[in-house]
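Asker: One-letter residues, chain by chain:
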Amino acid sequence: QQQVKQSPQSLIVQKGGIPIINCAYENTAFDYFPWYQQFPGKGPALLIAIRPDVSEKKEGRFTISFNKSAKQFSLHIMDSQPGDSATYFCAASITGNQFYFGTGTSLTVIP
Amino acid sequence: KAGVTQTPRYLIKTRGQQVTLSCSPISGHRSVSWYQQTPGQGLQFLFEYFSETQRNKGNFPGRFSGRQFSNSRSEMNVSTLELGDSALYLCASSLYWEFEYGYTFGSGTRLTVV
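Chains as they are written, first to last, in our numbering: chain A, 1 to 111; chain B, 1001 to 1114.
Treat each hint with caution, since some may be false.
In the BS3-like style, the derived pairs of lysine-lysine whose C-alpha atoms are separated by at most 27 Å in a straight line are [to be verified]:
1. A:K57 to A:K71
2. A:K71 to B:K1013
3. A:K57 to A:K5
4. A:K71 to A:K5
5. B:K1013 to A:K42
6. A:K42 to B:K1057
Which stretches of chain A does chain B cover? Using the computed rule of at least three CB atoms under 8 Å from a CB of chain B, they are [what the hints assert, rightly or not]:
7. 39-53
8. 94-104
FYI, nobody ran anything at the bench for these hints, they're computed from the structure.
C-beta atoms are modelled at their ideal positions from N, C-alpha and C, and glycine is treated no differently.
Can you build the whole structure from these sequences, using the hints too?
Answerer: Encoded structure:
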């Protein structure tokens, strides 16, 4: 059973576009929601994270929107660049316990 | 500051063999977690060690085991390899088990079972 459901599986946008990746969860005990970025041949790298007491968090061009009542959260990438082409994973955890990852979204930004 | 180091980077093994993978966490990090990454299943949690003790274990068969040494370095072992064990095995370290700042992942060990 997938604890965190992620969509879409793949995404292609033009440079400057705003790709949006969505995740949904069921376990209301989750209290930490990070996003990871992975390039080929590398391990995932933490991009940005949010806790459920906040509805939005921005770090540079990356924004997490969090909807606690809907049990959904999403990643927005503003002014996307070809260098943002990578696989993105959402995750959820209960503090101090394992992370449950989404299945990933392959993003391609066309110049 | 050195990152998480995993060795070897690539490994080819035959069905039925066993394999040991190594992970050196960031200096000072005491928590080490292991994940299996496959195209179909994504990242699946194997286990987590903190101060040489296994704190959490995922839903994998007993063929998968691990340990952590006093210097926080960790190893995972897979015995009686199966074709389905072919995957990228990722190690991640964190300062404490609270994961407040998330994990730092290594680049992984690509295991191919033939």
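Asker: Each hint: holds or not?
Answerer: Here's how the hints hold up against the structure:
A threshold of 27 Å between alpha carbons decides the hint, and for A:K57 with A:K71 the separation of about 16 Å falls inside it, so the pair holds. Using a Cα cut-off of 27 Å, the hinted pair A:K71 and B:K1013 is violated, with the two alpha carbons roughly 42 Å apart. As the CA atoms of A:K57 and A:K5 are separated by approximately 21 Å, the hinted pair is consistent with the 27 Å bound. Pair hint A:K71 plus A:K5 holds up; C-alpha atoms about 11 Å apart against a cutoff of 27 Å.
With a CA separation close to 22 Å, the supplied pair B:K1013 and A:K42 stays within the 27 Å bound. Among the hinted pairs, A:K42 with B:K1057 is consistent with the structure: their alpha-carbon atoms are about 24 Å apart, no more than 27 Å. With 7 residues carrying a beta carbon less than 8 Å from a beta carbon of chain B, the stretch 39-53 of chain A meets the three-residue requirement, and the given coverage holds. Counting residues of the stretch 94-104 of chain A whose CB lies closer than 8 Å to any CB of chain B gives 10, so the stated coverage by that chain holds, three being the minimum.
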